[in-house]
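J.: For the record, the sequence lines run as chains A and B.
Mapped onto the numbering used here, the consecutive letters of the first sequence carry residue numbers 1 to 514.
Mapped onto the numbering used here, the consecutive letters of the second sequence carry residue numbers 1 to 340.
Everything labelled a hint here was simulated from the structure, so no lab data went into it.
Keep in mind that this is a model prediction, so the values were computed, not measured.
Each residue gets a CB set at the ideal place from its N, CA and C atoms; glycine is no exception.
Be aware that one or more of the hints could be misleading.
Label-pair ranges, simulated between beta-carbon atoms [said to hold, decoys possible]:
no.: 1; chain 1: B; residue 1: T167; chain 2: A; residue 2: T17; range: 37 to 43 Å
no.: 2; chain 1: A; residue 1: T180; chain 2: B; residue 2: Q331; range: 32 to 38 Å
no.: 3; chain 1: B; residue 1: A337; chain 2: A; residue 2: L166; range: 55 to 61 Å
no.: 4; chain 1: A; residue 1: G136; chain 2: B; residue 2: K48; range: 49 to 55 Å
no.: 5; chain 1: B; residue 1: K130; chain 2: A; residue 2: V129; range: 53 to 59 Å
no.: 6; chain 1: B; residue 1: T167; chain 2: A; residue 2: A475; range: 28 to 34 Å
no.: 7; chain 1: B; residue 1: A212; chain 2: A; residue 2: I170; range: 36 to 42 Å
no.: 8; chain 1: B; residue 1: D280; chain 2: A; residue 2: Y137; range: 53 to 59 Å
no.: 9; chain 1: B; residue 1: Q331; chain 2: A; residue 2: Y137; range: 56 to 62 Å
no.: 10; chain 1: A; residue 1: T180; chain 2: B; residue 2: L309; range: 39 to 45 Å
no.: 11; chain 1: B; residue 1: A337; chain 2: A; residue 2: K286; range: 53 to 59 Å
no.: 12; chain 1: B; residue 1: A230; chain 2: A; residue 2: G195; range: 40 to 46 Å
no.: 13; chain 1: B; residue 1: E294; chain 2: A; residue 2: A480; range: 55 to 61 Å
no.: 14; chain 1: B; residue 1: D280; chain 2: A; residue 2: G195; range: 46 to 52 Å
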Amino acid sequence: MDFTPIIDGFGIVLQPTNLLYCLVGVLIGMLIGVLPGLGPAATIAILLPLTYGIEPVSAIIMLAGIFYGAQYGGTITSVLLRLPGEASSVVTVFDGFAMAKQGRAGAALGIAAIGSFIGGTISIIGLSVLAPVVAGYALDFGPPEYAALGLLGVLLVATVGNGGKLKAVIAAALGLLIATVGRDTFTGAERFTFGNLNLADGIDFVPIAMGLFGLGEILYNLEENHKKVHAPAKVARVWPTRQDLRESKGAIARGSGIGFGLGVLPGGGAVLSSLVAYAVEKRRAKQPERFGRGAIEGVAAPESANNAAATSSFIPLLTLGIPANATMALMFGALLIQGVQPGPQLVDQHPDIFWGVINSMYIGNILLLIMSIPMVGIFVRILRVRPAILAPITALITMLGVYTVNNSVFDIYLVIVFGIVGYLMKKFGFDPGPMVLAFVLGTLIESSSRQSLLIFGGDPTGFVTRPISGTIFAAILLVALFPLLRKAFRMRRGDKQPEPAPERLPERETTEAK
Amino acid sequence: MTNVRTRHRVATAAGAATLALVLTACGGVKTGSTGGDGATGGSDYPTKSIQMTVGASAGGSSDLISRAMSKGMGQALGVAMPVVNKPGANGALVAKELQTAKPDGYSIAIQNASLFAITPLAVSASEAVKVDDFDIVYGVSRDDYVLATNPKTGWKSIADMKAAGKTIRYGTTGVGTGAQLNSALTFATAGIKATAVPFDGGAPNLTALLGAQVDVSTMQVGEAIENIKAGKLVPLAVFSAERVPFLPDVPTAKEQGFDVQVSQYRFITTPKGTPQAVKDKLVEAAKKAFATEEYKKFNEENNLTPLELPGAEVASMLKADLESNTAKLKQFGISLASNG
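Model the full assembly from the supplied sequences, consistent with the hints where possible.
T.: Below you can see the structure in the form of structure tokens.
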């Protein structure tokens, strides 16, 4: 491997102008990440004209900074306001917000920043060393593999959240149903669009999440008589304790690995990575019941994973010319405007761009970590703001943010509708998390399985005979049957006891005894 | 207790006020840029910024073309020409919006031919967009399609593919697109058994072909060209009357004996009834934009062929294309809406 281009890349990044663009990028990214609804895609679209006059490398360094900077910022609203800005941070909400309610918001944000830094950095190293290899394996993932992954994701949705299993399943089913809205991409048939062209492409993630989480929460809090207003105001420590760090060490490492691996897959990689990372931690945990009630691993794992995934999603763009998500599509456009064609030849034809962007991410991640330290202290104070002031401001910013995504007033109405749904769900004890996650995965599962069946000529055995999808289906079986097997095993062991105890009780005891 | 209740009420009121504020603010943006002084017949046009809407997300080819044009035309007219992305229904959302906008020249859009000549064959009549509902100001550029395969298949031409003698699985970029129509017509004229696998847009379609998940795919030249140059994809045919200058070695489908040539092309549109003086000024500005070196370079880099024609010619092209597409689909008994 020839290291000269990599070192030249550092030379490019360390030029003062490029460092400045990197700083500007991550700063903007972090700020827009904090504003609910306003995502990196909308921001980059707005800033695109500004990049016309800049050197291509500087422009892409700045835009990339906005993208991964937003991942850092997005955590802040997930933890403090229970408002996930992106599908990949929905999972963080559960334990992050629970921690904030316990006065541990600083610890949650601190561990998220550290996890994001480590996840991002591990992923950049992976990107530098493995990009071409990993890009090849991403191509082995066809529709059958995506269908299997999506199915695994939906199964894992049930492990997320703190409501009852049955309620999670009901919410997830509703999410799957909402995912079917829109013009069918296979036949052109209209499904649940009621002749409204605004619904032809289905519903976007942003209005659903902003409505269910953001507005729903605000409406619910208005009804509550603010008894809990000052509960979270006590923010004793801004930084995670040594014990927090020790507890989340493994979660961060595993989350980073999972994020890097799944983030490479264009289409759904980032969401799946945070979900899988969370589920893995919960399964490994000695006391899985802590999850959803403020377990620090429940923040560390998905945050490390989604940042690692954000970084590795550059691999398909830079090595194959495939944009993995809406933001990457914009980067693709930005490169085209600059007269650079992203594709397999990019690394040879424009090594300055390829390595300049990758190496700028090392610097950007360090900048973000440094900025996070004072920022956490400032943002945590949001919790001291009275809801009477905070709620309308949040509602306003959310609405504006949602509008910017598609420049659509219709999306604002959607937020209001889903806000009411979210309020009702919360009132009746349903968690919106499973619904949103199932919604995101629903489209993936449906279109991938239909594509698969077309490829197989209608023969469903293809799903299990292909090596990768077969393995994933085996994993699904394992995940689905594991609790049953464990129960059966415990019951058998229980038989030896003189008095067969009720089946639920011993399970609790054994887990708590550990 | 009363204190709590007042606070509660204040919060509710504040929340409601915020909602109202946001809604009116957004409504205001919309009418503010489209309404105004169109009644003068356009002699002093333009006096304020012109909004150019795009029916696709930022970053795609429709968006990039609109941005390149808005830059050149805005300079020529001396006003700002902000590009606003309103993705939805393959551009039909923007079409419907433009149709009802005030015909004063302050709302314009560059629209795609496929929306007028192909999509109507796949969606219900009420959703079909018609040429006569708009004033077509001027043509912009053409974007050709290429049929490509994964090198693993070893095919070099349509004949090779036919000789393979199996049911071909082909990727498309969705229902009612030029990619789908070109493929369907090719397989029908060549008598090859084939199943369409629709993907949601260009990127997943390209991914599937690169990973050999499908046998062949039809894509726009710009989407495929980098992978063709790198040898990761093998082009089988281009669907144009003559060879595409960016891929001079690739024979057309017609050269190979299959008369299939559907292209994507784009043109400037305004709402029906826009004053002639306004349209003349837009044409003049477009011509100035076309003439700049920067724009010419943009076309080349994005593999676009200029199609700088008067609006009336573009309109008759669109109508002719819709007719011939309808006739061909009927001839071969193909339906774009219900495949496999």
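J.: A separate judgement is required for each hint: does it hold in the structure or not?
T.: Tested hints:
In this structure, T167 of chain B and T17 of chain A break the distance hint of 37 to 43 Å, their C-beta atoms being roughly 56 Å apart. Taking 32 to 38 Å as the suggested C-beta distance range, the pair T180 of chain A and Q331 of chain B conforms, at roughly 34 Å. The given range of 55 to 61 Å is broken by A337 of chain B and L166 of chain A, whose C-beta atoms sit roughly 39 Å from each other. Separated by about 53 Å at the C-beta atoms, G136 of chain A and K48 of chain B satisfy the suggested range of 49 to 55 Å.
A C-beta distance of roughly 55 Å is found between K130 of chain B and V129 of chain A, which places it inside the suggested range of 53 to 59 Å. Take T167 of chain B and A475 of chain A: their Cβ atoms lie about 31 Å apart, and the range 28 to 34 Å holds. For A212 of chain B paired with I170 of chain A, a C-beta distance near 40 Å keeps the hint of 36 to 42 Å intact. Against the hinted window of 53 to 59 Å, the Cβ-Cβ separation of D280 of chain B and Y137 of chain A comes to about 57 Å, which satisfies the hint.
Between Q331 of chain B and Y137 of chain A the beta carbon distance is about 44 Å. The supplied range of 56 to 62 Å is therefore violated. Restraint check, T180 of chain A to L309 of chain B: a C-beta distance of roughly 42 Å satisfies the suggested window 39 to 45 Å. Distance hint check for A337 of chain B and K286 of chain A: the Cβ-Cβ separation is about 55 Å, which falls inside the suggested range of 53 to 59 Å. In this structure, A230 of chain B and G195 of chain A meet the distance hint of 40 to 46 Å, their C-beta atoms being roughly 45 Å apart.
Between E294 of chain B and A480 of chain A the beta carbons are some 58 Å apart, a value that agrees with the proposed interval 55 to 61 Å. About 37 Å separates the C-beta atoms of D280 of chain B and G195 of chain A, a value inconsistent with the hinted range of 46 to 52 Å.
Against the hints set out earlier in the document, violations occur for numbers 1, 3, 9, 14.
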